[in-house]
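Chains as they are written, first to last, in this note's numbering: chain E, 58 to 498; chain L, 58 to 498.
Rather than coming from a laboratory, the hints here were simulated on the basis of the structure. Please note that the accuracy of each hint is not assured.
Identical chains blur together in the list; that is why a pair holds if it fits in one copy or across any two.
Here are the computed lysine-lysine pairs in the DSS-like style, where the Cα-Cα straight-line distance is at most 30 Å [claimed, not checked]: (1) Lys-396 <-> Lys-117; (2) Lys-396 <-> Lys-307; (3) Lys-248 <-> Lys-403; (4) Lys-451 <-> Lys-78; (5) Lys-403 <-> Lys-93; (6) Lys-248 <-> Lys-307.
2 protein chains.
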Amino acid sequence: MSALDDLLTCLRFASVSTDSKFNADTRACAEWLVSKLTGMGLTTTLHETPGHPVIVAKNKHLEGRRTVLLYGHYDVQPVEPLAEWLSPPFEPTIRDGRIYCRGATDNKGQLIAHVSGLAETLAEHGDLPVNLTLLFEGEEEIGSPNLKPFLQAHREELACDLVAISDTGMVAEGVGTFTYGLRGIACMEVKVHGPTIDLHSGIFGGAVANPATMAARLVGTLHDAEGRVLIPGFYDGVRDLQDWERTSWKDLGDGEAETLALTGAPALFGEAGYTERECRWARPTAEVNGIGGGYQGEGSKTVIPRESFFKLSFRLVPGQNPERILDLAEAYLRAQAPKSVRLEIKRGHTGSSYLMDPHSPYGLAAQRALQATFGGQIALIREGGSIPIVQAFKDVLGADTLLLGLALPDCQAHAPNENFPIANLEAGIRLNQALLRELAI
Amino acid sequence: MSALDDLLTCLRFASVSTDSKFNADTRACAEWLVSKLTGMGLTTTLHETPGHPVIVAKNKHLEGRRTVLLYGHYDVQPVEPLAEWLSPPFEPTIRDGRIYCRGATDNKGQLIAHVSGLAETLAEHGDLPVNLTLLFEGEEEIGSPNLKPFLQAHREELACDLVAISDTGMVAEGVGTFTYGLRGIACMEVKVHGPTIDLHSGIFGGAVANPATMAARLVGTLHDAEGRVLIPGFYDGVRDLQDWERTSWKDLGDGEAETLALTGAPALFGEAGYTERECRWARPTAEVNGIGGGYQGEGSKTVIPRESFFKLSFRLVPGQNPERILDLAEAYLRAQAPKSVRLEIKRGHTGSSYLMDPHSPYGLAAQRALQATFGGQIALIREGGSIPIVQAFKDVLGADTLLLGLALPDCQAHAPNENFPIANLEAGIRLNQALLRELAI
Numbered sequence: 058m059s060a061l062d063d064l065l066t067c068l069r070f071a072s073v074s075t076d077s078k079f080n081a082d083t084r085a086c087a088e089w090l091v092s093k094l095t096g097m098g099l100t101t102t103l104h105e106t107p108g109h110p111v112i113v114a115k116n117k118h119l120e121g122r123r124t125v126l127l128y129g130h131y132d133v134q135p136v137e138p139l140a141e142w143l144s145p146p147f148e149p150t151i152r153d154g155r156i157y158c159r160g161a162t163d164n165k166g167q168l169i170a171h172v173s174g175l176a177e178t179l180a181e182h183g184d185l186p187v188n189l190t191l192l193f194e195g196e197e198e199i200g201s202p203n204l205k206p207f208l209q210a211h212r213e214e215l216a217c218d219l220v221a222i223s224d225t226g227m228v229a230e231g232v233g234t235f236t237y238g239l240r241g242i243a244c245m246e247v248k249v250h251g252p253t254i255d256l257h258s259g260i261f262g263g264a265v266a267n268p269a270t271m272a273a274r275l276v277g278t279l280h281d282a283e284g285r286v287l288i289p290g291f292y293d294g295v296r297d298l299q300d301w302e303r304t305s306w307k308d309l310g311d312g313e314a315e316t317l318a319l320t321g322a323p324a325l326f327g328e329a330g331y332t333e334r335e336c337r338w339a340r341p342t343a344e345v346n347g348i349g350g351g352y353q354g355e356g357s358k359t360v361i362p363r364e365s366f367f368k369l370s371f372r373l374v375p376g377q378n379p380e381r382i383l384d385l386a387e388a389y390l391r392a393q394a395p396k397s398v399r400l401e402i403k404r405g406h407t408g409s410s411y412l413m414d415p416h417s418p419y420g421l422a423a424q425r426a427l428q429a430t431f432g433g434q435i436a437l438i439r440e441g442g443s444i445p446i447v448q449a450f451k452d453v454l455g456a457d458t459l460l461l462g463l464a465l466p467d468c469q470a471h472a473p474n475e476n477f478p479i480a481n482l483e484a485g486i487r488l489n490q491a492l493l494r495e496l497a498i
Numbered sequence: 058m059s060a061l062d063d064l065l066t067c068l069r070f071a072s073v074s075t076d077s078k079f080n081a082d083t084r085a086c087a088e089w090l091v092s093k094l095t096g097m098g099l100t101t102t103l104h105e106t107p108g109h110p111v112i113v114a115k116n117k118h119l120e121g122r123r124t125v126l127l128y129g130h131y132d133v134q135p136v137e138p139l140a141e142w143l144s145p146p147f148e149p150t151i152r153d154g155r156i157y158c159r160g161a162t163d164n165k166g167q168l169i170a171h172v173s174g175l176a177e178t179l180a181e182h183g184d185l186p187v188n189l190t191l192l193f194e195g196e197e198e199i200g201s202p203n204l205k206p207f208l209q210a211h212r213e214e215l216a217c218d219l220v221a222i223s224d225t226g227m228v229a230e231g232v233g234t235f236t237y238g239l240r241g242i243a244c245m246e247v248k249v250h251g252p253t254i255d256l257h258s259g260i261f262g263g264a265v266a267n268p269a270t271m272a273a274r275l276v277g278t279l280h281d282a283e284g285r286v287l288i289p290g291f292y293d294g295v296r297d298l299q300d301w302e303r304t305s306w307k308d309l310g311d312g313e314a315e316t317l318a319l320t321g322a323p324a325l326f327g328e329a330g331y332t333e334r335e336c337r338w339a340r341p342t343a344e345v346n347g348i349g350g351g352y353q354g355e356g357s358k359t360v361i362p363r364e365s366f367f368k369l370s371f372r373l374v375p376g377q378n379p380e381r382i383l384d385l386a387e388a389y390l391r392a393q394a395p396k397s398v399r400l401e402i403k404r405g406h407t408g409s410s411y412l413m414d415p416h417s418p419y420g421l422a423a424q425r426a427l428q429a430t431f432g433g434q435i436a437l438i439r440e441g442g443s444i445p446i447v448q449a450f451k452d453v454l455g456a457d458t459l460l461l462g463l464a465l466p467d468c469q470a471h472a473p474n475e476n477f478p479i480a481n482l483e484a485g486i487r488l489n490q491a492l493l494r495e496l497a498i
């Protein structure tokens, strides 16, 4: 089918946004999308930004129709650790009805499902039932640094009644899932500097601070033994879970067994007093995404490294401000560090958490579209991931966002062997068509 | 001069013993030494071992002479971080009277000084004043795993009255230094396993243990805030410093200022109640030589890594048994780890600490040789580094070891830009000759 061919083509671009050595591949992916959308009859523009390009495409907007902005991203996560991929990460490979490739589920599979739904409708009817604006960016995996300024600069051109995004998950195969909340994010990298040179750990060990030890000690001050974050003020203002949410999430079945099976972790570990779903969807975290320092090779090297680092990301929930969390974290880490090391703290991207009312008119329209596509009971969930741009749509365009995800729990987003079921590509095409029908006035 | 030429030749061999990709260079270095020693008229044998070869060379041993075993090692540390070298690590480069190259001071410069001293004496007199056995190995930097078995297997052939080694430091330029004690060592690598795959930190963060965080937390349990090791039993039996040692070390001048200048550390950091020299020379430590896990590249990657590691080495002092320390450390770390991660602990090399009486007859002979070479007051010190084989010489051959180091504090052993002064090469030649004269009966 042509949707599958399009997806395979799109996947072959190694559009890793965080690493500048993939800049040419990322641009090639954007240019391919522009040519695809133009070919469908949409008025399509590639907009330069200080980073990767933004693509905007529109049908002819008519008075009296609802305007829907459909957002997606064509950039992908890095592929490391490369050795764990069963097939090359940028060579899409089909096994057991799933397409394996970096970006298969996050976000190219879901993006191409919508594009293909639109292409079918346009081919059949010559137009769409709504005024549609497509907005595709290439910097979602690095926190969309240029998209909010872009929205601000193109506020008129992008004006819409609401936004729809497929970049989230389904609770299980075949279960239509409406995501009404997301966690926010705030990233920081901490470098711990000690001596100006690597030192012999025999000659100097015992008299100078070891930056690797000190980095570890700093990380060790972030949580109590049960995983609760110890940064003073971290939980201030955090919105409590509502009773209907706790009940409805319990009804989704045994999340603990599923998470154990999906992760292969020896045991679960999380904040006391919350179920694992509540921990993942509605409680904030502090995670180490990378730590390093000293000798990394085979065998031993008896060295005191001159520096060490750790990369942190905080997942945030309604009531927490990302910049304030970084302020608190930085102040706390600096207060914990002894004067025998020097901290260098670099702030990374941030994004607000998001929450909408699933029982609002647009929320109900989304649920009807999911019902038409998947049948059965629709799951109402929040998600632990972050799509910072959702808050920007609210702030700049004044629009709520419908999150209608197509990823399954075992699609391995961000991990080796990322994959996307062909069935979900097909369902996504129908979902796109049902959604636009439901939103037509 | 021919000694300098010989040293430059020896330095060009990239004899990194810990990394098997340098095996051919390490062997080539051994073979060059065999040919050099044979050419000097010594009976020289290259002995195969399960690892890198051992070289034994002798003059003709005569009844009634003292037998001296001179030990050295031709292997070197890895060169990482490569970017910090001002000249290529295996291309010896002379700047301001110093030879810059990996191994320049540890141990090739000191080894070649002795070889050159012997060569001169042999050329001039046709023999040496003692029965000499040279024993050079290629595994000192990985803990000499095959040398103790070699000593045991060749106990008769290696029988000697005493051992001499130049593989330690001088307290300052031109100050003859006799080292009468060394710290021991015990290494271990700890891997922390969590989920079976890298996880999206948004989707799963908060419900599973993060192996990078847990590795850091484990490291964080090793010390109190002042650097004292918290492993129960770690300090049991540790021999107290003697009053004459504390006094004599204080007389060496301001160690704190020197260590700050040498290391460039923002401040010193060490166990309360001990001077920095006491911390480095006579107190045990637990150091992280390497830590790693998760994303190591540019930018951020919001991942929970499936595993993380840290490499530990303990420096030990008289009264501590290396194997027992590893037992205690392993039990402690396993007790600290939550059941949400799995620890994999691999033990590395160990070596006992060493202590001899500097006022014994051989100790006094060594001091006279140093006096003849350098003049002035001779410094009596212990060192923080480890030469595990020194204990093996005591255990297997029943011989004490004289440690007559030629390294200056800023020779950067184990670090980038390792170097050795040409003046110390020349002094080492004279020291070799003076020592053999002093030890002749």
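Outcome of the hint check:
no.	hint	in the structure
1	Lys-396 <-> Lys-117	neither (63 Å within a copy, 59 Å between copies)
2	Lys-396 <-> Lys-307	between (48 Å within a copy, 25 Å between copies)
3	Lys-248 <-> Lys-403	both (8 Å within a copy, 28 Å between copies)
4	Lys-451 <-> Lys-78	neither (33 Å within a copy, 57 Å between copies)
5	Lys-403 <-> Lys-93	neither (39 Å within a copy, 54 Å between copies)
6	Lys-248 <-> Lys-307	neither (41 Å within a copy, 35 Å between copies)
When held up to the earlier numbered hints, the structure conflicts with 1, 4, 5, 6 and fits the remainder.
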